[in-house]
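A.B. asks: So you can see what is in the structure, the chains are spelled out below.
There are 2 protein chains.
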Amino acid sequence: MKITAVIMAGGKGERFWPKSRTSRPKQFLSLTADGETMIQKTVKRLLPIVDAEDIFISTNEMYRSLAEEQLPQIPKENILCEPAPRNTAPCIAFSAAVIGRKYEDAIMMVLPSDHLIGIEDIYIDTLKKAAAAAEKGENLVTVGITPTYPETGYGYINFGKAAGDTYEVERFVEKPDLATAEKYLASGKYLWNSGMFIWKISTIMENMKKLMPEVYSGAVKIGEAFGTPEFNEVLEREFTAMPAESVDYGIMEKADNIYTIPGSFGWDDVGSWLAVERINDTDENNNYTEGDVCFADMKNTTVCGGKRLVAVVGAEDLIIVDTDDAVLVCSKNSTQDVKKIIAALREKGRNNLL
Amino acid sequence: MKITAVIMAGGKGERFWPKSRTSRPKQFLSLTADGETMIQKTVKRLLPIVDAEDIFISTNEMYRSLAEEQLPQIPKENILCEPAPRNTAPCIAFSAAVIGRKYEDAIMMVLPSDHLIGIEDIYIDTLKKAAAAAEKGENLVTVGITPTYPETGYGYINFGKAAGDTYEVERFVEKPDLATAEKYLASGKYLWNSGMFIWKISTIMENMKKLMPEVYSGAVKIGEAFGTPEFNEVLEREFTAMPAESVDYGIMEKADNIYTIPGSFGWDDVGSWLAVERINDTDENNNYTEGDVCFADMKNTTVCGGKRLVAVVGAEDLIIVDTDDAVLVCSKNSTQDVKKIIAALREKGRNNLL
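Residue numbers (my numbering), protein chains in the order written: chain A, 3 to 356; chain B, 3 to 356.
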């Protein structure tokens with residue numbers, strides 16, 4: 003069966019401010035020394051199993067030109083722009099309906115646009131096995147990541163008995179508190195929810211019909227209008243009428259036949275500036291620098307320079323990011339608090355910096 | 003007797019990089035929220051006892067236009083530019099010879115251009131008393147500062163018995179090591195050498211004649227040529243022929259009739275970026291910020307912003323300085339090591355940043 007992919011690229015990604023801005027979120031940035039953006043890497047690593055013309059980008063109008071510019075190999079009609087933010091379920095239904103117009107049935111892989119994969123061969127093999135499991139029945143397959151510490155920022159998957167290359171899923175759980183996360187980790191029965199889903203178009207549409215009928219009927223109308231002059235009008239009307247709901251809550255927590263396949267391919271969600279030293283080479287003092295940087299007695303520090311010289315003396319445990327109109331100096335313990343700066347700038351109406 | 007002043011303004015002052023550059027050293031910068039430069043403050047606080055036309059600026063050609071621009075009240079012919087660096091003794095002899103052409107004799111106060119004074123009334127009273135003591139005989143008078151900690155970066159003055167408002171000086175000593183500085187502090191018989199000297203023109207010239215005859219004879223020729231068409235030629239020839247020597251070593255450590263007057267006027271030599279929080283108002287977390295700065299959870303940090311936003315999150319004990327072409331992030335423990343950056347830039351030939 004034909005394998006298609008939908009890359010979710012609508013997120014705003016404030017955690018990489020000041021390099022990320024509303025006008026250029028994380029998935030359209032390069033955070034690695036090779037200069038490739040996150041979404042370019044995501045597309046490139048899929049090409050061994052998905053033709054470029056079967057890769058769809060789910061985003062919004064603000065990012066259409068960035069997507070077209072960074073992904074010239076993707077047909078322009080594959081860039082699907084949602085007219086309003088409605089969380090993941092409507093967005094997946096919209097994509098499934100469009101792909102359903104192209105192929106009678108097909109495997110649909112839903113993949114994040116802003117994660118990194120360490121070992122691409124294992125990643126591809128895992129997706130192939132997931133696709134085979136999805137094709138075999140009316141199965142909803144997810145990729146689970148073996149947890150290495152009690153992260154409280156991810157959802158977890160409680161898996162049960164083995165079924166071929168996959169495991170039956172007992173239940174999906176939301177982001178736990180630390181004590182619960184520690185229990186999950188100790189139990190050996192939980193994986194992280196990576197946000198990667200693999201199913202047949204027919205399977206996800208049947209589940210939408212049963213569990214999210216409003217979303218389903220809107221998506222069917224959008225699919226019927228695809229390629230016609232009325233498309234934009236129908237999309238606008240039907241999509242904005244859908245309830246904002248995640249596919250995790252709307253489908254995965256309620257459906258039957260959920261399976262997970264553990265992914266052992268070195269996954270990194272690149273969740274904050276702390277990731278930069280992890281995904282790049284560092285020096286003997288665990289410093290990572292890029293751009294025009296001059297330092298003395300610097301330790302465990304990440305410096306992303308811009309057009310000017312960044313000079314660092316005697317600093318430890320910092321993230322320093324220089325851009326044309328803003329420079330960030332952030333303690334490594336406080337990377338989650340960059341959002342406080344963004345909130346303050348928003349309150350002051352300084353939109354040119356957001 | 004007429005009181006004149008020579009403000010020493012030839013220093014390069016690398017310790018305020020990146021705000022200070024070779025082309026604009028510390029004395030020509032503002033480091034206080036009021037925007038006045040160090041040399042502007044120095045001149046302004048002297049005006050109660052010295053007429054603007056009797057204030058001389060000792061500097062070099064590179065800083066002539068900065069001095070003219072920042073000090074419009076000073077006659078242009080009072081800006082004395084040494085043709086080559088020769089330390090303080092030749093520079094003082096040159097100034098004394100020029101002032102000697104203007105007045106048969108006069109009080110000459112030699113003052114640094116880049117220090118701050120807390121209580122200006124006491125400062126003025128101290129200089130008046132020093133001038134009176136200098137006028138009374140062939141006395142060389144210095145202002146001594148009561149040490150508050152065992153600083154190893156200053157010279158010390160060992161004083162003896164009282165003589166009116168002043169004390170006899172036993173000896174001048176160079177920068178001591180920490181153990182010696184601690185001993186000085188404990189003894190109660192030492193003051194810091196502030197680099198402020200007060201004497202009559204006739205007294206300093208007599209001492210030069212006796213202790214530094216080469217410097218003396220060159221200075222006499224320069225004084226004779228002042229105001230004639232040959233001045234620049236004579237200055238160039240005679241000044242460059244003088245030995246580079248400090249007035250401390252060449253005169254003060256050898257002369258008789260040395261007196262010191264303790265200055266209790268809140269002196270600060272503004273020796274490094276650490277001084278900025280000391281000389282400005284800070285918030286309840288001991289932060290000082292100027293310019294476009296946005297911060298969260300910042301403590302004990304100084305931020306001198308430039309044209310762009312500086313955002314600081316969770317940082318402690320830092321100095322952050324933003325300029326158009328360079329940004330410095332420096333631990334407060336490492337401010338003396340900013341020179342390592344300057345050395346590295348010099349080695350790389352990056353003169354535009356120096």
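Since the hints were derived computationally from the structure, they do not count as laboratory data.
Treat the hints loosely; a few may be bogus.
Identical chains share a label here; the pair holds if one copy fits it or two copies do between them.
To be verified - Each computed DSBU-like pair below joins lysine-lysine, with the alpha-carbon atoms no more than 30 Å apart:
(1) K350 with K301
(2) K14 with K46
(3) K185 with K309
(4) K341 with K14
(5) K138 with K163
A.B. asks: Now, for every hint given, state plainly whether the structure supports it.
C.D. replies: Hints and how they fare:
For the identical chains of this complex, K350 and K301 are inter-copy neighbours only, at 23 Å across copies versus 35 Å inside a copy, given an alpha-carbon limit of 30 Å. For a Cα distance limit of 30 Å, the shortest separation of K14 from K46 inside one copy, 22 Å, qualifies, whereas the shortest one across copies, 54 Å, does not. Taking the shortest Cα distances, K185 and K309 never come within 30 Å of each other, neither inside one copy (47 Å) nor across copies (50 Å). Taking the closest pair of Cα atoms, K341 and K14 come within 30 Å of each other only inside a single copy of the chain (12 Å); across copies the shortest separation is 41 Å, beyond that limit.
For a Cα distance limit of 30 Å, the shortest separation of K138 from K163 inside one copy, 18 Å, qualifies, whereas the shortest one across copies, 104 Å, does not.
Violation of the numbered hints given earlier is confined to hint 3; every other hint is satisfied by the structure.
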